[in-house]
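Take these sequences, add in the hints, and give me the full structure.
Residue numbers (this note's numbering), protein chains in the order written: chain A, 1 to 266; chain B, 1 to 266; chain C, 1 to 266.
The set of hints was computed from the structure by calculation and includes no laboratory data.
Honestly, I wouldn't trust all of these hints.
Each pair may be met inside one copy or between any two copies, as identical chains are not told apart.
[Said to hold, decoys possible] Only pairs whose alpha carbons sit at most 27 Å apart, straight line, appear in this in silico BS3-like list of lysine-lysine:
#1 Lys252 with Lys3
#2 Lys205 with Lys260
#3 Lys155 with Lys79
#4 Lys43 with Lys117
#5 Lys256 with Lys86
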Amino acid sequence: MKKIITLLTDFGLKDPYVGAMKGVILSICPNANIIDISHEIRKFDIRQGAYVLASAASFFPKGTIHVGVVDPGVGTTRKPIIIETKKSLYIGPDNGLLILAALKEGIKKVVHISNRKYMLPRISHTFHGRDIFAPAAAHLANGIPIEEFGPPLEKYETLTFSKPKIHKNHIEGEIIYIDDFGNIVTNIYRELLEKISINEGEIIKILFNDRTEKVLKICKAYNEVKEGEFLAIIGSGDFLEISINQGNAAKKLNIKEGTKVVVELV
Amino acid sequence: MKKIITLLTDFGLKDPYVGAMKGVILSICPNANIIDISHEIRKFDIRQGAYVLASAASFFPKGTIHVGVVDPGVGTTRKPIIIETKKSLYIGPDNGLLILAALKEGIKKVVHISNRKYMLPRISHTFHGRDIFAPAAAHLANGIPIEEFGPPLEKYETLTFSKPKIHKNHIEGEIIYIDDFGNIVTNIYRELLEKISINEGEIIKILFNDRTEKVLKICKAYNEVKEGEFLAIIGSGDFLEISINQGNAAKKLNIKEGTKVVVELV
Amino acid sequence: MKKIITLLTDFGLKDPYVGAMKGVILSICPNANIIDISHEIRKFDIRQGAYVLASAASFFPKGTIHVGVVDPGVGTTRKPIIIETKKSLYIGPDNGLLILAALKEGIKKVVHISNRKYMLPRISHTFHGRDIFAPAAAHLANGIPIEEFGPPLEKYETLTFSKPKIHKNHIEGEIIYIDDFGNIVTNIYRELLEKISINEGEIIKILFNDRTEKVLKICKAYNEVKEGEFLAIIGSGDFLEISINQGNAAKKLNIKEGTKVVVELV
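This is the structure in structure tokens:
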């Protein structure tokens, strides 16, 4: 069976960088099956990368090797790591990028990649994706045990997304992601809404940033409202989202990731 | 032989959505060969998706499984379908997206995907690409017969592109596509031009939208005119196109898909 | 072993063109492993394409088949060619696009693709990527010898990037690439700097276009300066680059590829 190696970076698709990583992987493990998750993560935005990686990685089969490179600290003392979870292997910088996906699966072991044998002969200051992470992924795919790459790491960076706070009649949350459609994804998940008796089909009031207010139905489909109108919906990640039917809600509201939201039943 | 599964969506490449679909496919059919056709279809633009799918799909080998997801009606009563043609299988929403490609190959059977056994355990309201279409593609690749997915569907959505009208001395047509180079693709094909004795090398007058007029030679290469100058050419889809040598004709003329054109010999 | 075929074009990712090329390849060589290097080369920019191809191709394994299509002269007398190097095969138009990568590996033979047997039955005027280059790549992957495709070509186009000039106390160079991060890549490589005793950790003066001057430290990591500040660094291609830590240097300086630079020790 071909080993799956996924890639997630903030490199964009114009430059030679993603191609170079793929070339390195195939030079070491010629029958790897390389799958792109995303290369359009906002530059240097570790949180956005962590969210996208965690959202996509859970759908891959057991044994998948995920490489994540959003790495503003490249060339400094931040460590290159491998995280072994109950389901997958994650490779990238120790800056929190991998941790959200890894925690969902349950972390078994973290290793500090330090064995030069599994890196390219020359290590640049600026492109560890090519020189350290891609070779590590390919060697793992070839069956090299994780212990060979370096010593276990007891302390590693975490990344915490703010947790929604539930009150008697309202929930305080945050925008954790805005997708390419302009759908506004909050960190308020279905079960939490149900705890204060908010269900699909009901009308809620959403206050963004203590300023902009929207009164919306929690719909089961975008088409329940007219084209161009706002709606609330439980999205594909099981989070409450605010959308416009066939429109871009985030642009219309001029809302960014990190914005506070308060949700209550009308 | 590895089964080829192609993907065409309006998801863009930033979000976790395309990655999630690929993960789902590989979890069910680990040796599928997943090929991206395009994920940059204009959001919700079924016609543009239908054109791109039909243009690319015909070059894939017999037995290819094509998944198309431009799906503004997701979560409503619009049906998920599989179309079996004489050459390929098409999977996606019953909204016309697949029909142009399927009609070119000859439709043998259409099935309404309704067997929950071949969907993900939980079906979201907003992402049938991941929950229904990707699993269906992977199960088809595994050899599950199309009949297993649900009952045959006698009535399904079609999508009609306006047909060019031929007159004695002129042809009325429409812009069906504008590509990333700014090439303006009309629905007027070579044989039609020849019927009113318009051939390569000749000069034609093109009237856009009853307003903008261009008198152009039908060239055999962009380079027949100087850099920055307009030309007409029979493009790679065998349609009449209007272009600028090393420039963007659509931007220069401020022309959009759907615009009417009238072509006549000068 | 599956043959690797890489693709580099200026087609962008919206249109059916890249998908059509992949379909053609898989129709002829069903077990080809198709890898995208980039499809976001600036339209018609042969030099940018040549730089990206040369930067990525060297990381692929021996025997890789690279297809490059940045082809403003498509349909004219410019020849379709195959270049065999000591390591790889390059396929594309004879316009210099392939030459930089090929020269790095050492050219063994160049062939003018002219045997219609290895092209699609119908050759369009505008899309040789699909009709000539993709089929050639797939037939090469199937083991057809290069001699079968056409006669050897003694004279072919080259492409010269300006070479940096070294003086006693300064080096005159040029911006050869600006990446998606806004990193400004010069043609001044590490060894050249060392020849006039400029080393990492030292302070240099860089003059852009005889106008804009920057005095910068040659850092070992972006993080050596504060976020938003300029630095110099030896990049992943071993060239001197000018960057902003977590910012876009090219936008800030409004600098384009081709700009002259003069570097001297302070």
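Among all the numbered hints in the text so far, which are the ones the structure does not match? As far as the earlier hints go, 1, 4 and 5 are violated by this structure, in ascending order.
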